[in-house]
Amino acid sequence: MNANAAFLFIVPVITCFCLFGADVRPEEHLYGSQELRALMDRDMMQCMSGMYGAYPASRESSGTSWQPDSTPFQGIMRMDHDRMCMIHGFVNGVYDRQDGPRGGEKTFIEGMFSFMGHFMTRYGTFGFRSMFSPDPLMGSEGYPLLLQTGETADGKTPLIDRQHPHDFFSELAITYSHTFAENDSLFVYVGLPGEPAVGPPVYTHRFTAMFNPEAPITHHWFDSTHITFGVATLGYTWMDVKFEGSVFNGREPDQNRWDIDPPAFNSYSGRLSYNPLQNWAFQASYAWLNSPEQLEPGTNIGRYTATAMYNREFGSSNWQTMAGWGRNDKKPGPGLNAFILESAVQIRAVQTVFARFENVEKDELFTPQSSLFGKTFTVGEVSIGYLYNLAALGRTQWGIGGTVSVSLLPGELKPVYGDLPVSYLLFARLALL
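Here the sequence shown is numbered in this note's numbering, starting from 89 and rising by one per residue.
Calculated from the structure, these hints are not laboratory results.
Don't take each hint at face value.
Claimed, not checked - Straight line, CA to CA, 25 Å or less: simulated SDA-like cross-link-like pairs of lysine to any residue:
#1 Lys-419 - Thr-387
#2 Lys-463 - Asp-249
#3 Lys-419 - Asn-388
#4 Lys-418 - Phe-216
#5 Lys-194 - Lys-418
#6 Lys-244 - Gln-457
#7 Lys-419 - Ala-443
#8 Lys-418 - Ala-443
#9 Lys-194 - Gly-468
#10 Lys-244 - Phe-214
#11 Lys-418 - Ser-379
#12 Lys-419 - Ser-379
#13 Lys-244 - Val-179
#14 Lys-502 - Leu-481
#15 Lys-502 - Gly-188
#16 Lys-418 - Asn-388
#17 Lys-419 - Ala-352
#18 Lys-194 - Trp-413
#19 Lys-194 - Ala-443
#20 Lys-419 - Gln-382
#21 Lys-194 - Phe-445
#22 Lys-463 - Asn-378
#23 Lys-194 - Val-179
#24 Lys-419 - Val-470
#25 Lys-419 - Gly-188
#26 Lys-419 - Asn-447
#27 Lys-194 - Asn-388
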(Lines of atoms letter the chains of each structure in order from A and count residues from 1; the text may use other names and numbers.)
(Lines give C-alpha, C1' and ligand atoms only; values in the text may rest on other atoms or scores of the structure.)
Protein backbone atom coordinates (compact mmCIF):
# COMPACT_ATOMS: atom_id res chain seq x y z
CA MET A 1 0.00 0.00 0.00
CA ASN A 2 1.65 3.26 -1.10
CA ALA A 3 1.66 6.44 0.97
CA ASN A 4 -0.88 8.27 -1.20
CA ALA A 5 -3.36 5.40 -0.99
CA ALA A 6 -2.89 5.17 2.77
CA PHE A 7 -3.48 8.91 3.09
CA LEU A 8 -6.66 8.76 1.01
CA PHE A 9 -7.97 5.88 3.12
CA ILE A 10 -7.15 7.45 6.50
CA VAL A 11 -8.51 10.96 5.81
CA PRO A 12 -12.19 9.90 5.55
CA VAL A 13 -11.85 7.84 8.73
CA ILE A 14 -10.43 10.78 10.69
CA THR A 15 -13.06 13.09 9.21
CA CYS A 16 -15.86 10.82 10.35
CA PHE A 17 -14.52 10.53 13.87
CA CYS A 18 -14.32 14.32 14.01
CA LEU A 19 -17.88 14.66 12.75
CA PHE A 20 -19.51 11.96 14.82
CA GLY A 21 -17.25 11.66 17.84
CA ALA A 22 -15.33 8.66 19.09
CA ASP A 23 -16.33 8.80 22.71
CA VAL A 24 -16.95 5.55 24.57
CA ARG A 25 -19.93 5.51 26.89
CA PRO A 26 -20.11 2.73 29.47
CA GLU A 27 -23.76 2.05 28.75
CA GLU A 28 -22.97 1.34 25.10
CA HIS A 29 -21.35 -1.92 26.14
CA LEU A 30 -24.82 -3.25 26.92
CA TYR A 31 -26.79 -5.06 24.28
CA GLY A 32 -29.93 -3.26 25.39
CA SER A 33 -28.36 0.07 24.43
CA GLN A 34 -27.32 -1.35 21.06
CA GLU A 35 -30.88 -2.44 20.38
CA LEU A 36 -32.24 0.96 21.40
CA ARG A 37 -29.74 2.76 19.19
CA ALA A 38 -30.59 0.50 16.25
CA LEU A 39 -34.29 1.27 16.67
CA MET A 40 -33.60 5.01 16.87
CA ASP A 41 -31.41 4.92 13.74
CA ARG A 42 -34.06 2.95 11.88
CA ASP A 43 -36.79 5.43 12.81
CA MET A 44 -34.58 8.38 11.82
CA MET A 45 -33.79 6.87 8.41
CA GLN A 46 -37.46 6.19 7.73
CA CYS A 47 -38.39 9.79 8.60
CA MET A 48 -35.70 11.50 6.49
CA SER A 49 -36.05 12.12 2.76
CA GLY A 50 -33.79 10.27 0.38
CA MET A 51 -30.95 11.60 -1.74
CA TYR A 52 -32.87 11.13 -5.00
CA GLY A 53 -36.47 11.90 -4.05
CA ALA A 54 -39.19 12.47 -1.47
CA TYR A 55 -39.27 8.99 0.02
CA PRO A 56 -37.67 7.45 3.15
CA ALA A 57 -33.86 7.56 3.14
CA SER A 58 -33.86 3.93 4.32
CA ARG A 59 -34.96 2.95 0.79
CA GLU A 60 -31.60 3.87 -0.72
CA SER A 61 -28.77 1.36 -0.95
CA SER A 62 -25.64 1.22 -3.14
CA GLY A 63 -25.40 3.59 -6.10
CA THR A 64 -28.96 4.55 -7.02
CA SER A 65 -30.48 1.15 -6.17
CA TRP A 66 -33.44 0.59 -3.84
CA GLN A 67 -34.06 -1.84 -0.99
CA PRO A 68 -37.16 -2.31 1.22
CA ASP A 69 -37.99 0.83 3.23
CA SER A 70 -37.95 -1.17 6.47
CA THR A 71 -34.31 -2.28 6.02
CA PRO A 72 -32.26 -1.29 9.09
CA PHE A 73 -29.28 1.03 8.77
CA GLN A 74 -26.03 -0.16 10.30
CA GLY A 75 -23.58 2.69 10.79
CA ILE A 76 -23.34 6.23 12.07
CA MET A 77 -25.46 9.15 10.94
CA ARG A 78 -25.79 12.79 11.79
CA MET A 79 -28.54 15.17 10.74
CA ASP A 80 -28.39 18.93 11.09
CA HIS A 81 -31.39 20.81 9.70
CA ASP A 82 -31.18 20.28 5.92
CA ARG A 83 -27.91 18.35 5.96
CA MET A 84 -27.23 14.70 6.60
CA CYS A 85 -24.03 12.64 6.73
CA MET A 86 -23.73 8.87 7.04
CA ILE A 87 -20.82 6.55 7.49
CA HIS A 88 -20.89 2.80 7.52
CA GLY A 89 -18.50 -0.01 6.87
CA PHE A 90 -16.83 -3.15 8.10
CA VAL A 91 -13.56 -5.05 7.89
CA ASN A 92 -13.28 -8.84 8.08
CA GLY A 93 -10.14 -10.77 8.94
CA VAL A 94 -10.75 -14.11 7.19
CA TYR A 95 -9.24 -17.58 7.12
CA ASP A 96 -10.48 -19.32 3.95
CA ARG A 97 -10.23 -23.08 3.28
CA GLN A 98 -11.64 -24.29 -0.05
CA ASP A 99 -11.90 -28.07 -0.42
CA GLY A 100 -10.85 -30.44 -3.19
CA PRO A 101 -8.16 -30.60 -5.91
CA ARG A 102 -9.01 -27.09 -7.16
CA GLY A 103 -9.30 -25.58 -3.70
CA GLY A 104 -6.80 -23.71 -1.57
CA GLU A 105 -6.42 -21.70 1.59
CA LYS A 106 -5.60 -18.11 2.45
CA THR A 107 -5.77 -15.60 5.29
CA PHE A 108 -6.76 -12.09 4.21
CA ILE A 109 -8.76 -8.98 5.04
CA GLU A 110 -11.69 -7.64 3.06
CA GLY A 111 -14.43 -5.10 3.59
CA MET A 112 -15.66 -1.66 2.67
CA PHE A 113 -15.91 1.85 4.12
CA SER A 114 -18.59 4.27 2.88
CA PHE A 115 -19.02 7.97 3.61
CA MET A 116 -21.90 9.89 2.06
CA GLY A 117 -24.10 12.89 2.64
CA HIS A 118 -26.49 15.36 1.10
CA PHE A 119 -27.85 18.82 1.75
CA MET A 120 -31.09 20.39 0.63
CA THR A 121 -31.39 23.87 -0.89
CA ARG A 122 -34.15 25.77 -2.64
CA TYR A 123 -32.52 24.69 -5.92
CA GLY A 124 -32.63 20.99 -5.09
CA THR A 125 -30.70 18.36 -3.16
CA PHE A 126 -26.95 18.00 -3.70
CA GLY A 127 -25.13 14.90 -2.52
CA PHE A 128 -21.90 12.95 -2.58
CA ARG A 129 -21.08 9.27 -2.16
CA SER A 130 -17.72 7.64 -1.53
CA MET A 131 -16.64 4.08 -0.86
CA PHE A 132 -13.22 2.57 -0.24
CA SER A 133 -12.06 -1.02 0.17
CA PRO A 134 -9.01 -2.67 1.78
CA ASP A 135 -9.33 -5.58 -0.67
CA PRO A 136 -6.16 -4.73 -2.67
CA LEU A 137 -4.15 -5.68 0.41
CA MET A 138 -5.02 -9.34 -0.24
CA GLY A 139 -3.04 -9.31 -3.50
CA SER A 140 -4.01 -9.31 -7.15
CA GLU A 141 -5.12 -12.97 -7.15
CA GLY A 142 -7.77 -12.38 -4.50
CA TYR A 143 -8.87 -15.36 -2.42
CA PRO A 144 -9.83 -18.98 -3.19
CA LEU A 145 -13.52 -19.49 -4.03
CA LEU A 146 -14.59 -22.63 -5.86
CA LEU A 147 -16.57 -22.08 -9.08
CA GLN A 148 -15.96 -18.33 -9.10
CA THR A 149 -14.96 -16.72 -12.40
CA GLY A 150 -14.31 -13.23 -13.73
CA GLU A 151 -11.50 -10.70 -14.25
CA THR A 152 -7.74 -11.26 -14.16
CA ALA A 153 -4.78 -10.91 -11.80
CA ASP A 154 -2.07 -10.18 -14.36
CA GLY A 155 -3.79 -9.14 -17.59
CA LYS A 156 -2.84 -12.48 -19.16
CA THR A 157 -4.66 -15.33 -17.40
CA PRO A 158 -8.24 -15.45 -16.08
CA LEU A 159 -9.10 -15.81 -12.42
CA ILE A 160 -10.79 -19.19 -11.99
CA ASP A 161 -11.88 -20.60 -8.62
CA ARG A 162 -10.82 -17.30 -7.07
CA GLN A 163 -12.63 -14.09 -6.12
CA HIS A 164 -10.87 -10.98 -7.38
CA PRO A 165 -10.16 -8.11 -4.96
CA HIS A 166 -12.28 -5.00 -5.34
CA ASP A 167 -10.67 -1.68 -6.13
CA PHE A 168 -9.55 0.64 -3.33
CA PHE A 169 -11.60 3.43 -4.93
CA SER A 170 -14.99 1.73 -5.10
CA GLU A 171 -17.17 4.84 -5.49
CA LEU A 172 -16.57 8.58 -5.88
CA ALA A 173 -19.82 10.15 -7.01
CA ILE A 174 -21.83 13.36 -6.90
CA THR A 175 -25.61 13.59 -7.13
CA TYR A 176 -28.35 16.13 -7.69
CA SER A 177 -32.11 15.79 -7.43
CA HIS A 178 -35.01 18.17 -7.87
CA THR A 179 -38.47 17.52 -6.48
CA PHE A 180 -41.25 18.88 -8.68
CA ALA A 181 -44.17 17.95 -6.46
CA GLU A 182 -44.76 15.97 -3.31
CA ASN A 183 -44.32 12.61 -5.02
CA ASP A 184 -42.03 13.03 -8.03
CA SER A 185 -38.43 14.01 -8.66
CA LEU A 186 -35.68 14.03 -11.27
CA PHE A 187 -32.13 13.05 -10.33
CA VAL A 188 -28.63 12.84 -11.76
CA TYR A 189 -25.76 10.62 -10.56
CA VAL A 190 -22.19 10.89 -11.90
CA GLY A 191 -19.35 8.70 -10.65
CA LEU A 192 -15.70 7.88 -11.29
CA PRO A 193 -15.95 5.18 -10.17
CA GLY A 194 -19.66 4.68 -9.68
CA GLU A 195 -22.48 2.17 -9.99
CA PRO A 196 -24.78 2.22 -13.04
CA ALA A 197 -28.46 1.31 -13.00
CA VAL A 198 -27.97 -2.46 -13.24
CA GLY A 199 -29.25 -5.17 -10.91
CA PRO A 200 -29.99 -5.18 -7.18
CA PRO A 201 -27.86 -3.48 -4.50
CA VAL A 202 -24.33 -4.85 -4.50
CA TYR A 203 -23.84 -7.80 -2.14
CA THR A 204 -21.61 -5.84 0.28
CA HIS A 205 -24.58 -3.49 0.89
CA ARG A 206 -27.42 -6.03 0.92
CA PHE A 207 -28.65 -7.01 4.36
CA THR A 208 -29.02 -10.57 3.06
CA ALA A 209 -25.32 -10.79 2.10
CA MET A 210 -23.30 -8.15 3.96
CA PHE A 211 -22.58 -10.43 6.94
CA ASN A 212 -21.17 -13.18 4.69
CA PRO A 213 -17.47 -12.66 3.85
CA GLU A 214 -17.77 -14.94 0.81
CA ALA A 215 -18.79 -13.37 -2.51
CA PRO A 216 -21.63 -14.96 -4.49
CA ILE A 217 -20.49 -17.10 -7.42
CA THR A 218 -23.26 -15.31 -9.39
CA HIS A 219 -21.58 -11.94 -8.77
CA HIS A 220 -20.91 -11.41 -12.49
CA TRP A 221 -24.57 -12.01 -13.34
CA PHE A 222 -26.16 -9.55 -10.91
CA ASP A 223 -23.95 -6.82 -9.45
CA SER A 224 -20.40 -6.91 -10.86
CA THR A 225 -20.88 -3.42 -12.36
CA HIS A 226 -20.90 -1.84 -8.90
CA ILE A 227 -17.37 -0.48 -9.50
CA THR A 228 -17.42 1.15 -12.93
CA PHE A 229 -14.95 3.78 -14.06
CA GLY A 230 -17.25 6.26 -15.72
CA VAL A 231 -20.99 6.40 -14.93
CA ALA A 232 -23.72 8.93 -15.69
CA THR A 233 -27.29 8.13 -14.61
CA LEU A 234 -30.50 10.08 -15.18
CA GLY A 235 -33.60 8.98 -13.29
CA TYR A 236 -37.17 9.90 -12.43
CA THR A 237 -39.14 8.84 -9.36
CA TRP A 238 -42.90 8.93 -9.06
CA MET A 239 -44.33 7.82 -5.73
CA ASP A 240 -42.95 4.29 -5.21
CA VAL A 241 -41.69 3.79 -8.78
CA LYS A 242 -38.30 4.71 -10.22
CA PHE A 243 -37.20 4.78 -13.87
CA GLU A 244 -33.53 5.32 -14.64
CA GLY A 245 -30.97 4.90 -17.36
CA SER A 246 -27.17 4.95 -17.40
CA VAL A 247 -24.32 5.32 -19.84
CA PHE A 248 -21.09 3.89 -18.51
CA ASN A 249 -17.81 2.08 -19.06
CA GLY A 250 -18.55 -1.57 -19.83
CA ARG A 251 -15.01 -2.78 -19.10
CA GLU A 252 -14.40 -4.40 -15.72
CA PRO A 253 -11.68 -2.77 -13.56
CA ASP A 254 -8.17 -3.85 -14.47
CA GLN A 255 -5.73 -5.70 -12.22
CA ASN A 256 -4.23 -2.47 -10.80
CA ARG A 257 -6.54 -2.14 -7.81
CA TRP A 258 -5.08 1.01 -6.23
CA ASP A 259 -5.65 3.44 -9.11
CA ILE A 260 -8.54 5.04 -10.99
CA ASP A 261 -8.98 3.65 -14.51
CA PRO A 262 -9.61 6.03 -17.45
CA PRO A 263 -13.35 6.68 -17.92
CA ALA A 264 -15.32 5.64 -20.97
CA PHE A 265 -19.00 5.74 -21.92
CA ASN A 266 -19.53 2.82 -24.29
CA SER A 267 -22.33 0.87 -22.58
CA TYR A 268 -25.87 1.57 -21.44
CA SER A 269 -28.54 0.25 -19.10
CA GLY A 270 -32.09 0.81 -17.90
CA ARG A 271 -33.74 -0.18 -14.63
CA LEU A 272 -37.26 -0.13 -13.25
CA SER A 273 -37.65 -0.26 -9.46
CA TYR A 274 -40.87 -0.59 -7.47
CA ASN A 275 -41.44 -0.55 -3.70
CA PRO A 276 -45.19 -1.19 -3.30
CA LEU A 277 -45.01 -1.62 0.49
CA GLN A 278 -42.36 -0.79 3.08
CA ASN A 279 -41.28 -4.46 3.30
CA TRP A 280 -40.90 -5.09 -0.44
CA ALA A 281 -38.52 -3.99 -3.20
CA PHE A 282 -38.59 -5.18 -6.81
CA GLN A 283 -36.29 -4.33 -9.70
CA ALA A 284 -35.75 -5.37 -13.30
CA SER A 285 -32.90 -4.17 -15.48
CA TYR A 286 -31.19 -4.60 -18.81
CA ALA A 287 -27.63 -3.60 -19.69
CA TRP A 288 -25.50 -3.72 -22.80
CA LEU A 289 -21.89 -4.25 -21.69
CA ASN A 290 -19.26 -3.38 -24.27
CA SER A 291 -16.26 -5.73 -23.98
CA PRO A 292 -16.49 -6.24 -20.20
CA GLU A 293 -13.65 -8.74 -19.85
CA GLN A 294 -10.09 -7.62 -20.57
CA LEU A 295 -9.14 -11.11 -21.79
CA GLU A 296 -12.15 -11.35 -24.15
CA PRO A 297 -12.12 -7.95 -25.90
CA GLY A 298 -14.27 -9.17 -28.78
CA THR A 299 -17.14 -10.36 -26.57
CA ASN A 300 -20.03 -8.11 -25.53
CA ILE A 301 -22.77 -9.03 -23.06
CA GLY A 302 -26.47 -8.30 -22.83
CA ARG A 303 -27.33 -8.62 -19.15
CA TYR A 304 -30.83 -9.12 -17.74
CA THR A 305 -31.66 -9.10 -14.03
CA ALA A 306 -34.84 -9.35 -11.98
CA THR A 307 -34.95 -9.50 -8.18
CA ALA A 308 -37.41 -9.35 -5.32
CA MET A 309 -36.44 -8.40 -1.76
CA TYR A 310 -38.55 -8.85 1.36
CA ASN A 311 -37.72 -7.42 4.77
CA ARG A 312 -39.47 -7.96 8.09
CA GLU A 313 -38.77 -6.29 11.43
CA PHE A 314 -39.37 -8.03 14.75
CA GLY A 315 -38.74 -5.35 17.36
CA SER A 316 -34.95 -5.01 17.41
CA SER A 317 -34.56 -8.13 15.23
CA ASN A 318 -34.70 -8.21 11.44
CA TRP A 319 -35.10 -10.76 8.65
CA GLN A 320 -34.51 -10.16 4.95
CA THR A 321 -34.63 -12.42 1.89
CA MET A 322 -33.77 -11.83 -1.76
CA ALA A 323 -34.56 -14.00 -4.78
CA GLY A 324 -33.19 -13.21 -8.21
CA TRP A 325 -32.67 -14.29 -11.80
CA GLY A 326 -29.90 -13.04 -14.06
CA ARG A 327 -28.87 -13.81 -17.61
CA ASN A 328 -25.72 -12.97 -19.58
CA ASP A 329 -26.19 -13.17 -23.35
CA LYS A 330 -22.70 -13.26 -24.82
CA LYS A 331 -22.24 -11.73 -28.27
CA PRO A 332 -20.87 -13.97 -29.71
CA GLY A 333 -21.48 -16.87 -27.40
CA PRO A 334 -24.15 -18.64 -25.37
CA GLY A 335 -26.83 -17.27 -23.08
CA LEU A 336 -26.05 -18.15 -19.46
CA ASN A 337 -28.63 -18.09 -16.66
CA ALA A 338 -28.17 -17.64 -12.92
CA PHE A 339 -30.45 -17.91 -9.91
CA ILE A 340 -29.86 -16.77 -6.35
CA LEU A 341 -31.77 -17.08 -3.10
CA GLU A 342 -30.23 -15.60 0.02
CA SER A 343 -31.52 -14.74 3.48
CA ALA A 344 -30.28 -13.34 6.77
CA VAL A 345 -31.88 -12.96 10.18
CA GLN A 346 -30.36 -10.78 12.89
CA ILE A 347 -31.55 -11.43 16.43
CA ARG A 348 -31.46 -8.46 18.81
CA ALA A 349 -28.31 -7.04 17.18
CA VAL A 350 -26.31 -9.91 18.72
CA GLN A 351 -26.62 -13.02 16.54
CA THR A 352 -26.96 -13.27 12.77
CA VAL A 353 -27.67 -16.40 10.74
CA PHE A 354 -27.32 -16.16 6.96
CA ALA A 355 -27.69 -18.58 4.07
CA ARG A 356 -27.39 -18.59 0.29
CA PHE A 357 -28.32 -20.90 -2.60
CA GLU A 358 -27.01 -20.33 -6.12
CA ASN A 359 -27.40 -22.08 -9.44
CA VAL A 360 -25.54 -20.77 -12.49
CA GLU A 361 -24.43 -21.76 -15.99
CA LYS A 362 -20.70 -21.12 -16.50
CA ASP A 363 -18.42 -21.51 -19.52
CA GLU A 364 -15.21 -20.04 -18.05
CA LEU A 365 -14.14 -22.76 -15.61
CA PHE A 366 -11.23 -23.96 -17.77
CA THR A 367 -8.31 -22.42 -19.64
CA PRO A 368 -7.63 -23.04 -23.36
CA GLN A 369 -5.18 -25.81 -22.47
CA SER A 370 -8.03 -27.99 -21.15
CA SER A 371 -10.24 -30.24 -23.26
CA LEU A 372 -13.19 -28.79 -21.33
CA PHE A 373 -12.40 -25.20 -22.36
CA GLY A 374 -15.47 -23.24 -23.47
CA LYS A 375 -17.95 -25.89 -22.40
CA THR A 376 -20.98 -24.77 -20.37
CA PHE A 377 -21.65 -26.40 -17.01
CA THR A 378 -24.52 -25.86 -14.59
CA VAL A 379 -23.02 -25.56 -11.11
CA GLY A 380 -24.19 -24.33 -7.74
CA GLU A 381 -23.37 -23.61 -4.16
CA VAL A 382 -25.21 -23.82 -0.85
CA SER A 383 -23.80 -21.98 2.14
CA ILE A 384 -24.81 -21.19 5.69
CA GLY A 385 -23.08 -18.97 8.20
CA TYR A 386 -23.27 -17.48 11.67
CA LEU A 387 -22.01 -14.23 13.20
CA TYR A 388 -21.91 -13.53 16.94
CA ASN A 389 -21.50 -9.89 17.92
CA LEU A 390 -19.43 -9.24 20.99
CA ALA A 391 -20.09 -6.21 23.19
CA ALA A 392 -19.80 -2.85 21.43
CA LEU A 393 -16.94 -0.47 22.07
CA GLY A 394 -18.02 3.08 21.36
CA ARG A 395 -19.42 3.15 17.83
CA THR A 396 -17.71 -0.08 16.80
CA GLN A 397 -19.01 -3.64 16.93
CA TRP A 398 -16.69 -6.64 17.17
CA GLY A 399 -17.85 -10.07 16.11
CA ILE A 400 -16.71 -13.58 15.22
CA GLY A 401 -18.26 -16.02 12.81
CA GLY A 402 -17.96 -18.74 10.23
CA THR A 403 -19.39 -19.95 6.94
CA VAL A 404 -19.69 -23.48 5.53
CA SER A 405 -20.40 -24.04 1.83
CA VAL A 406 -21.03 -27.06 -0.38
CA SER A 407 -20.27 -26.94 -4.11
CA LEU A 408 -22.91 -28.57 -6.33
CA LEU A 409 -21.38 -30.19 -9.41
CA PRO A 410 -22.46 -32.16 -12.49
CA GLY A 411 -20.90 -35.59 -12.93
CA GLU A 412 -18.42 -34.40 -15.55
CA LEU A 413 -16.81 -31.99 -13.09
CA LYS A 414 -16.50 -34.34 -10.11
CA PRO A 415 -13.18 -35.86 -11.27
CA VAL A 416 -11.82 -32.30 -11.42
CA TYR A 417 -13.31 -30.78 -8.25
CA GLY A 418 -14.08 -33.84 -6.14
CA ASP A 419 -17.42 -35.47 -5.47
CA LEU A 420 -18.79 -32.97 -2.95
CA PRO A 421 -16.34 -30.21 -1.94
CA VAL A 422 -17.12 -28.74 1.50
CA SER A 423 -15.37 -25.45 2.22
CA TYR A 424 -15.37 -23.07 5.16
CA LEU A 425 -14.37 -19.57 6.23
CA LEU A 426 -13.65 -18.35 9.76
CA PHE A 427 -13.65 -14.62 10.36
CA ALA A 428 -13.41 -11.80 12.87
CA ARG A 429 -15.43 -8.69 12.07
CA LEU A 430 -15.15 -5.03 12.99
CA ALA A 431 -18.13 -2.91 11.96
CA LEU A 432 -19.32 0.63 12.59
CA LEU A 433 -22.51 1.01 14.61
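Results of checking the hints against the structure:
1. Lys-419 - Thr-387: Distance of about 6 Å is within 25 Å: holds.
2. Lys-463 - Asp-249: holds, 16 Å
3. Lys-419 - Asn-388: holds, 5 Å
4. Lys-418 - Phe-216: violated, 34 Å
5. Lys-194 - Lys-418: violated, 33 Å
6. Lys-244 - Gln-457: holds, 14 Å
7. Lys-419 - Ala-443: violated, 33 Å
8. Lys-418 - Ala-443: At roughly 30 Å apart (the allowed maximum being 25 Å), Ala-443 and Lys-418 break the hint.
9. Lys-194 - Gly-468: holds, 22 Å
10. Lys-244 - Phe-214: Between Lys-244 and Phe-214 the Cα gap is close to 42 Å, so the pair fails against 25 Å, i.e. violated.
11. Lys-418 - Ser-379: Holds, because 10 Å separates the two Cα atoms, which is no more than 25 Å.
12. Lys-419 - Ser-379: Judged against 25 Å, a Cα distance of about 9 Å means the pair holds.
13. Lys-244 - Val-179: violated, 30 Å
14. Lys-502 - Leu-481: With a Cα-Cα distance of about 47 Å, the restraint between Lys-502 and Leu-481 is violated, given a limit of 25 Å.
15. Lys-502 - Gly-188: With Cα atoms ~10 Å apart, Lys-502 and Gly-188 stay inside 25 Å; holds.
16. Lys-418 - Asn-388: It holds: about 6 Å lies between the C-alpha atoms, which stays within 25 Å.
17. Lys-419 - Ala-352: Measuring from Cα to Cα gives roughly 20 Å; hence the hint holds.
18. Lys-194 - Trp-413: Violated: Lys-194 and Trp-413 sit about 31 Å apart, past 25 Å.
19. Lys-194 - Ala-443: holds, 22 Å
20. Lys-419 - Gln-382: holds, 15 Å
21. Lys-194 - Phe-445: holds, 23 Å
22. Lys-463 - Asn-378: holds, 23 Å
23. Lys-194 - Val-179: Within the cut-off at roughly 16 Å; holds.
24. Lys-419 - Val-470: Roughly 30 Å between the alpha carbons, so the hint for Lys-419 and Val-470 is violated.
25. Lys-419 - Gly-188: violated, 33 Å
26. Lys-419 - Asn-447: Distance ~22 Å between Lys-419 and Asn-447 Cα, so the pair holds.
27. Lys-194 - Asn-388: violated, 33 Å
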